[in-house]
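If you're matching them up, the sequences are chains A and V in order. Sequential numbering from 0 applies to the first sequence in numbering that gives the first Met the number 0. Sequential numbering from 0 applies to the second sequence in numbering that gives the first Met the number 0.
Calculated from the structure, these hints are not laboratory results. Predicted model, so just to flag it, every value in this text is computed and none were measured. Take the hints with a grain of salt, since some may be wrong.
Which residues of chain V face chain A? A few of them, derived with a C-beta cut under 7 angstroms, are [to be verified]:
{"hint": "1", "residue": "V19"}
{"hint": "2", "residue": "V20"}
{"hint": "3", "residue": "L219"}
{"hint": "4", "residue": "V296"}
{"hint": "5", "residue": "I313"}
{"hint": "6", "residue": "N315"}
{"hint": "7", "residue": "G316"}
{"hint": "8", "residue": "D317"}
{"hint": "9", "residue": "I322"}
{"hint": "10", "residue": "D386"}
Every residue gets a Cβ at the ideal spot worked out from N, C-alpha and C, and that includes glycine.
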Amino acid sequence: MKAKSPRRRLIVLLLICLVVVVSLEIYFRLSAASEQRELVESSSASFVFYGEAPFVFDRRHGFLPRPDTGYVTGLIVRGALVNCMEISSQQWPDYGPDDPSWQGADLRIAVFGGAQALLRPDNRAPSWPEHMEDALEDRTGSRVTVANFSRPHVGFVQNLLLASEISEEWQPHVIVLVLETDLFARMPVWRSLQWIHGTAVVVEATTPDVASDPVLGTVAPVVIASAATTQWCHSQMHVQSVGLDELARRDGVLRAMVGAYEVGRLGRHTSLVHGWMDFDTSFLVTYLMENSGAQDAQQEDSEPSPYRPRNWTFEQALSEVDLYLLMNALIDGGSEIVVLHAPLFPELDQGAFLPRYSGLDDPQFNSWIEGIRDLTDEGIVHLTRFSHDLPDPATVVNNPDGDWQLTPTGARLYGELAAAALIATIDDEASDQ
Amino acid sequence: MRHFWNALLLIGSLALSLAVVEAGYRLYLKHDLEALVERQRTQAERGLDDATVDARFSVYAPPAPWQYNEHYGYDYQQGQWRFVLLQGPNALACGQVTGGNEFGNVGVEQHDYWESEIRILFFGSSYTQVTDRDGRTAADLLESGLEERFGLSFSVLNFSRDATGLLTSFDMARLLIPQLSPDLVIFAFNGSALGYRRHWRTMVPVTDNIERLVFMLEPLGADGGLPPPERYVPMPQMVSQLVTTELCAHLPLLPDHPTQAEMEQLTAQRLPPEEQVVVERLFSARRQILAEPQTPVIAVDFGRLDRSFVFHRIVNGDPYYAISILNPNTIYSSLDIQDYAADPAMMEAVEAVLESGIPFVLLHIPTLAEMRNSDAGEILHGTHGIDQATSEGLVASMERITGQQMHHLYQWYDDDEKRDPLNLVNSEQDSHPSPRGTLVLYRAILRAISVLPETQEWFNALENRLEVADDPEEGL
Numbered sequence: 000m001k002a003k004s005p006r007r008r009l010i011v012l013l014l015i016c017l018v019v020v021v022s023l024e025i026y027f028r029l030s031a032a033s034e035q036r037e038l039v040e041s042s043s044a045s046f047v048f049y050g051e052a053p054f055v056f057d058r059r060h061g062f063l064p065r066p067d068t069g070y071v072t073g074l075i076v077r078g079a080l081v082n083c084m085e086i087s088s089q090q091w092p093d094y095g096p097d098d099p100s101w102q103g104a105d106l107r108i109a110v111f112g113g114a115q116a117l118l119r120p121d122n123r124a125p126s127w128p129e130h131m132e133d134a135l136e137d138r139t140g141s142r143v144t145v146a147n148f149s150r151p152h153v154g155f156v157q158n159l160l161l162a163s164e165i166s167e168e169w170q171p172h173v174i175v176l177v178l179e180t181d182l183f184a185r186m187p188v189w190r191s192l193q194w195i196h197g198t199a200v201v202v203e204a205t206t207p208d209v210a211s212d213p214v215l216g217t218v219a220p221v222v223i224a225s226a227a228t229t230q231w232c233h234s235q236m237h238v239q240s241v242g243l244d245e246l247a248r249r250d251g252v253l254r255a256m257v258g259a260y261e262v263g264r265l266g267r268h269t270s271l272v273h274g275w276m277d278f279d280t281s282f283l284v285t286y287l288m289e290n291s292g293a294q295d296a297q298q299e300d301s302e303p304s305p306y307r308p309r310n311w312t313f314e315q316a317l318s319e320v321d322l323y324l325l326m327n328a329l330i331d332g333g334s335e336i337v338v339l340h341a342p343l344f345p346e347l348d349q350g351a352f353l354p355r356y357s358g359l360d361d362p363q364f365n366s367w368i369e370g371i372r373d374l375t376d377e378g379i380v381h382l383t384r385f386s387h388d389l390p391d392p393a394t395v396v397n398n399p400d401g402d403w404q405l406t407p408t409g410a411r412l413y414g415e416l417a418a419a420a421l422i423a424t425i426d427d428e429a430s431d432q
Numbered sequence: 000m001r002h003f004w005n006a007l008l009l010i011g012s013l014a015l016s017l018a019v020v021e022a023g024y025r026l027y028l029k030h031d032l033e034a035l036v037e038r039q040r041t042q043a044e045r046g047l048d049d050a051t052v053d054a055r056f057s058v059y060a061p062p063a064p065w066q067y068n069e070h071y072g073y074d075y076q077q078g079q080w081r082f083v084l085l086q087g088p089n090a091l092a093c094g095q096v097t098g099g100n101e102f103g104n105v106g107v108e109q110h111d112y113w114e115s116e117i118r119i120l121f122f123g124s125s126y127t128q129v130t131d132r133d134g135r136t137a138a139d140l141l142e143s144g145l146e147e148r149f150g151l152s153f154s155v156l157n158f159s160r161d162a163t164g165l166l167t168s169f170d171m172a173r174l175l176i177p178q179l180s181p182d183l184v185i186f187a188f189n190g191s192a193l194g195y196r197r198h199w200r201t202m203v204p205v206t207d208n209i210e211r212l213v214f215m216l217e218p219l220g221a222d223g224g225l226p227p228p229e230r231y232v233p234m235p236q237m238v239s240q241l242v243t244t245e246l247c248a249h250l251p252l253l254p255d256h257p258t259q260a261e262m263e264q265l266t267a268q269r270l271p272p273e274e275q276v277v278v279e280r281l282f283s284a285r286r287q288i289l290a291e292p293q294t295p296v297i298a299v300d301f302g303r304l305d306r307s308f309v310f311h312r313i314v315n316g317d318p319y320y321a322i323s324i325l326n327p328n329t330i331y332s333s334l335d336i337q338d339y340a341a342d343p344a345m346m347e348a349v350e351a352v353l354e355s356g357i358p359f360v361l362l363h364i365p366t367l368a369e370m371r372n373s374d375a376g377e378i379l380h381g382t383h384g385i386d387q388a389t390s391e392g393l394v395a396s397m398e399r400i401t402g403q404q405m406h407h408l409y410q411w412y413d414d415d416e417k418r419d420p421l422n423l424v425n426s427e428q429d430s431h432p433s434p435r436g437t438l439v440l441y442r443a444i445l446r447a448i449s450v451l452p453e454t455q456e457w458f459n460a461l462e463n464r465l466e467v468a469d470d471p472e473e474g475l
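Isolated chain V, as found in the complex (with noise of 0.2 angstroms):
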């Protein structure tokens, strides 16, 4: 009896000894994979190539343009927005551009909207905020274009924020609607707005006086705070206190809309010492920041107890043996889940959308790849950053969702302008229309609410006010 008690104290020991062996292991893991970060951190920081260190960058005056919003994740701070152009350690230039409008959209609203006859709220990203020649997104040319035709005010409100996508805008919508009565919804997206995350944006401080752009997986938390470190990811986009009228005193201002030329021709300006010392802080908080890695790293559960990490140690000479040990959950991510229907806000977001009984359209815009290769006008699953599966499973789920079809924008571009597609878009490696693009695209989405199915009712009833207002006795 005494042997078998041995036995068995034995065989306990060694299973404990085996467990304290495999605790101990992954403390060591997890310290030796930090270390590798931060040493590596360390290094990026020396290497920092001269190129990155000498590019161009600009720092604003507060408020900083992004205003966080719970709701939605953020607008643009209204007004304008007041900038330091530097260059290294050296300043080049003041400027100030519009800012955000009372919407808290980018641009100067044309028209009041309570007072417009016809109102359409337009949601979007990047590709639906660049501009034509003129200055004008396909919004603007969209408002223009509908007034010209029928003589009506339209307003078309631009909710284009950039790097979102369908889930944001249906939040947007969602919130937006009651509030602003619609007469027509627009949802107009590029392929990757299918798999964007929702995001908030916030500032959090530097320095004393500097502070910069986070972007952020959830809301702030109740007390303000911000969310676990792997709920976010600090922007390189810098607002500081020390952009001040006095620096701007001794510096060129930039024009509204400076030219390419005019940009090149900016060099380093001599300042007075108590000027540049304050360039060369903003200097070297952009260091520090460039510096550093966007985002959490490291994605290992080294609590896990399906896994032994010791095994995988001694049989295939690496404890991390086939699985990733990189976050994939970073904000640049695509969804992980392939329906829409899996994100409860999501369902009650269309719900509340479909509930409204505003006529709504879903577009989608072309990238380069899909001009060059899908004239029929399907998307091009898997080739905007999203695979393929989820893309396919994102578009079907929305349309089951929603009961609308999502339209290909390309079938109604002008057969002339599909000759070139290259000259729609900004380069081959960023499909943002081009401003040419812009106006092509515009042409499209008129194009599209005057014979979808979907707006054919609104639209007609517009075609019918024209008729009435060009055969003044009928109207009598």
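Only chain A is shown next, with the shape it has when bound in the complex (with noise of 0.2 angstroms):
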């Protein structure tokens, strides 16, 4: 046998080279790898990101949050890392009924709101109730211990079902049901975490089944990747500081995160790559449809979600859950139930209770309102009641004009006139003791 050159075998060695140059690169573009890539090229979407999932999925309350959990978080807006904090810990109560510092307090109360009673301005400046919890100290001079029970975005229903058990084990004095305007009429919510080749999306519905069959729920702008970490945010911060923008947006955590969300919004909530080895023409398919904008056609026909979270009147409320018999429970369990509106910006500014926030018809609030009130013996109390002497409005929250996050004046000034509104409620229960 005639041996073969080596120039001629480094000839055959070169061109298998360029075929597998070639049948690779055929291979990316046809795959839905190539369409993901286009997804975090082109995004201009803005969600929220976390190093480790700061709550767990409850199937009977929708999510219950991790106290032990200290994390890294920030904003990512159109692709590009905005900012970056580290939470310490959560305000969920970090220890037990049974606990000395709860049970040997002259007296216990439990909050249920939403974002507003659970965030710490700065991040570091006590809460609304950490605030509340000293007004009291100082005004009643008793042992006062708040266990905040507050979650983000859920509405006065899930807090009334989550404190008719929590109530129970934990005897609270008072129950402190938050109505917080822009939240309270949601129905009850459960989030579960879709991961995405080590990134997870939170997917939210209405229903628990959201944990076995993502597809019924929606993707909230929530992003959680472990590699997001302290020292990573600082690396981003930095090269963007000295402009070099584009390298930061090169980065493979940040583009993993903007994948993992675009990805999770058109609904598919799994890699578009559904096994590298599984190639088959439903790629082609898919790519020739998006391209040929049939996908978009297809999307906008498409019906939303009957899960998807959204606001329900008082009657459809009632018709799925009894709430007079939870807020009877309640009560019959010995505490006293104050159901306080804590307002928006614009309700302390103006004193009033604006339905205009609520995303309901006005004659929807005013169901929800008269519901409220037969429910309860007080009915609403009104932060905005106790309101006198309000500092400059700018002091309060971050922005006037539009980012009415608390301020830490702005948590000490609802805190005192939380406080204040409850005087009347702990005197009762004083006297009743």
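The task is to assemble the complex, starting from two chains supplied on their own in separate frames and drawing on the hints.
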């Protein structure tokens, strides 16, 4: 046999190389990875990210925070990191009902609210329920402990469901159900994590089945990525500060988060690439459909999921949940119930409960207010009634023109107003004791 | 058999081809990232906004204010520091400030250290370099306060170094305690000092007669050379032989401690053409420096064998999928260890300090957030640019290896002053002590060393000397 020359062997090897490169490129072009890359590079989405999941799915209550968890969080806008911060702990009680600090208190208060009651201004300053605790201690001279069971984006009914279960074990003297205007009419929501190659998107739905069937839900603007650490944030902010924005956007951790969110928004909840060896023509069909605009048309035509989180009317809530039974159980348990309206900034400014921020029409809004009044003896206690000497509005919230998150001054104000609002209830409780 | 060998050859060729493709792709990616950085650098240089270019900046006359020290990073240059103040391509004024002293510290020592009856070494950072309204640091105030209380001569040497932490201070203490035989050693730092890496400072040339400051994560090499590029960070501060007495002869002289109003009144000065050329050269060097990234920014291991960049490009659309391409190991990032015991040099330094038998205290200076949120005096881990686990681990390990507690000074702050924490710091964003804060900090340090068990014996001995002095008969 005639031996092949080294030159010929080299040419064959180069040809094979070329075939490999071309094959891989064709595969890439036809695969969904190419689509995913496009999605990342054209992303206009904004979402919050966490280095670790701050909550766990809970079949009974939708989701529950993890009080022992510290994590990095930040905001990504249009594919770029905007800010980062480290949260050292969450407010959800990290002790049980038998803890001496709870049992030994003269007055035990359990607060069930939303984001406004949960968030600490600047991540460090006390939240308004913490200020309320201090203010009540000052005013009453009693030892007061507030357990804050607030969760972001939950409505009145979901809080009532949690309160009815927790109160049995915790036996608070006072239960504060906080109404935040933009959220109080929200249906109960379940949140589950859907992992896409080490990065998770948060899927929300009004059914617990979302945990096993994520297609039932919608993707919340929240992404979990364990690679998003404090150090990663520092290096991102550093390269941006020296003008290397494009390099920052090229980072694999950032792109994985953006990709996961964009893929989640497409409603697939799994990687576009469902097994890299499974090349089949469906990729080609998908590719052609999406490049011909067929998918956009398909998305526009599709019906929104019936399990999409939304508001409901009081009557709808009543038909699904026996609110009177729940409320009576709370009252029979010996707790004083206070439904407290914590105003949004314009409501504080105008001293009124403004329906336009509730997402409900006026009859629906009024029906909720009447319904809640009927549920409780006391009706709704409005913080705005106690706000006689308001500080400069600009010091109460981050930005009166849009960012209504409370500042440290605002949280202190709300805490003091809440304490004033509760005093009558506490006096009743004290006289009972 | 022939088919077998042919198949084997084909498979081998394919495998080799894949390896070649992977290697080629890695080379391409490396070049692509470097080109991207270079392209953006150029854009950054062009896009330097007017505000940055027009900002005021100083250029020092030689010698540089920082003097390389191979043992613990740097000292401050002894003598006066002369500088010219510029704004854009214009000169505003010249100035002269009191620089380092014979110990390499900032400021003037009020007393002769060796003649003093009681000698204290004080280690800190920029938090303990700031002064009260009379230009006195917390260490200066402590010296006066102790003298007033005990009627003895005290000398407190303030070895505070900006941008340094506990690692550097223990390196210093290890070297200086045997040399200076102090009676007491005080370490006083804010939270971020827990995580500071060691760094060394030296000057490198920009042009023939302009140098710039460089921070290094390791000492100069045996040949005096810089460490590898990823281990040093060029800084914008400049020193130049072009800053001469001839140049300053044409410019107003700034007072020692200019007021805000005096600074605002400064305007661009008309200079003779030969001096204006000098100023424009300094400005040009400044522009060049500002346009450079201050630290190596890329950190991708293109030689790693546990990952295929081709694979991730094909499967996930991104060769760097889920890995960071940015350098996390900058001088600004905190330590990546959670235990000082993992640092052999630190362990040696702590052992040396313990063996010296000199009493020492570890004091924690509160930031604004801590003043607002921790009345009881707890360190708010995770709020100083160091992640919570690292911060907690470092405090715990510091207490373990030294056998001493790290004390939060806020518990000794005056109650009246606690009502307005913002008054005690520079601003919401800057927790360095304000002039008022420096005074309150000093009082807290004095209270701390009078009650802490670590210093109790030392303090009681001073009290006893005071009693003996008050009662001459007992002294006899």
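Here is how each hint holds up against the structure:
1. V19: At 6 angstroms from the nearest chain A Cβ, V19(V) passes the 7 angstroms test, so the hint holds.
2. V20: Because about 6 angstroms separates V20(V) from the closest Cβ in chain A, which is inside the 7 angstroms limit, the hint holds.
3. L219: violated (25 angstroms)
4. V296: holds (5 angstroms)
5. I313: At about 5 angstroms, which falls below the 7 angstroms cut-off, the nearest Cβ of chain A leaves the hint on I313(V) intact, so it holds.
6. N315: holds (6 angstroms)
7. G316: holds (3 angstroms)
8. D317: Holds, because the Cβ-Cβ distance from D317(V) to chain A comes to roughly 5 angstroms (cut-off 7 angstroms).
9. I322: holds (4 angstroms)
10. D386: holds (4 angstroms)
In the structure shown, a violation is registered for the earlier hint numbered 3 alone.
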